[in-house]
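Whenever a hint applies, use it, and build me the whole structure from the sequences.
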Amino acid sequence: AADYDNDGDLDVFVANVGANALYRNDGGTTFVNVAAAAGVRQSGSGWITAAAAWADYNGDGFSDLYLASGGDEQFQPDLLFVGGETGVFADSTASAGLPTSVTAQLSTGWADFDGTGTPDLYATNGFGPYGPGNRLFRNDRSPDTFLRVLVRGVGPSAGGANLSAIGAQVRLIDAASNDTVAYQQVLPKTALIRTVESDGVTAAAAEIIFGAPAGPYNVHVRFPGNDVPITRGVFVGGEVVIIDEEVFGG
Numbered sequence: 001a002a003d004y005d006n007d008g009d010l011d012v013f014v015a016n017v018g019a020n021a022l023y024r025n026d027g028g029t030t031f032v033n034v035a036a037a038a039g040v041r042q043s044g045s046g047w048i049t050a051a052a053a054w055a056d057y058n059g060d061g062f063s064d065l066y067l068a069s070g071g072d073e074q075f076q077p078d079l080l081f082v083g084g085e086t087g088v089f090a091d092s093t094a095s096a097g098l099p100t101s102v103t104a105q106l107s108t109g110w111a112d113f114d115g116t117g118t119p120d121l122y123a124t125n126g127f128g129p130y131g132p133g134n135r136l137f138r139n140d141r142s143p144d145t146f147l148r149v150l151v152r153g154v155g156p157s158a159g160g161a162n163l164s165a166i167g168a169q170v171r172l173i174d175a176a177s178n179d180t181v182a183y184q185q186v187l188p189k190t191a192l193i194r195t196v197e198s199d200g201v202t203a204a205a206a207e208i209i210f211g212a213p214a215g216p217y218n219v220h221v222r223f224p225g226n227d228v229p230i231t232r233g234v235f236v237g238g239e240v241v242i243i244d245e246e247v248f249g250g
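One point on numbering: in this note's numbering, the residue at position 10 of the sequence shown is 10, and numbering is uninterrupted.
Derived by calculation from the structure, the hints in this document are not laboratory data.
All C-beta atoms in this analysis are idealised placements derived from N, C-alpha and C, irrespective of residue type, glycine included.
DEER-style ranges, computed between Cβ atoms:
| # | residue 1 | residue 2 | range |
| --- | --- | --- | --- |
| 1 | 226 | 140 | 33 to 41 angstroms |
| 2 | 114 | 26 | 35 to 43 angstroms |
| 3 | 124 | 167 | 24 to 32 angstroms |
| 4 | 102 | 158 | 49 to 57 angstroms |
Put into structure tokens, the structure is as follows:
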């Protein structure tokens with residue numbers, strides 16, 4: 001799930017054998033399948049999309065979608081769809097430097113594996129020695145267009161959110177207009193985890209990576225059961241750590 005249209009709520013992509021589905025969230029009450037209009041209904045020339053993963057890989061402020069594709073009966077290319085203001089995705093696999101050869105990948109995910117502040121891509125091989133092998137693609141874009149937000153709960157024993165901050169809602173807000181320009185939520189299984197230190201205590205935190213122009217921005221995190229104050233004057237190219245009821249920048 002991701003807020004691909006930047007309207008402040010989560011939309012849902014469903015990978016499928018056959019036609020994929022992209023359900024646009026219209027205000028939290030109705031979902032509309034817009035996969036065909038958005039250009040992501042079918043995966044390449046084949047019919048199997050095994051997994052999908054969202055990230056703003058190019059730092060333009062819109063979520064991009066990577067599809068791990070192929071199966072034992074039909075190998076096919078993985079695809080990178082780049083999002084934009086129109087809501088229509090463009091196949092940017094080749095222009096991003098990713099392979100366009102046929103493959104059979106079972107899962108995929110984004111994470112900043114090298115700590116440079118940009119989302120990198122990992123795709124797993126589904127067929128052992130007969131497949132292309134696991135693949136890790138480093139994102140060499142400048143970190144100057146990305147902002148890392150790390151969130152961690154204090155735990156139920158301290159009267160706060162779960163330590164992994166699962167369910168936390170993170171909004172990037174334009175400091176001048178007070179408009180929400182991007183929204184992400186810490187979700188189970190897809191959360192990116194890093195270690196952070198506060199008051200001499202090192203613990204895991206969920207990492208959210210936003211792509212956006214220079215700013216400044218406010219970051220607002222709503223933990224389950226609690227509202228954390230807005231962090232003001234945040235610029236891209238760095239990170240801010242927000243722990244339930246505690247805020248500090250870096």
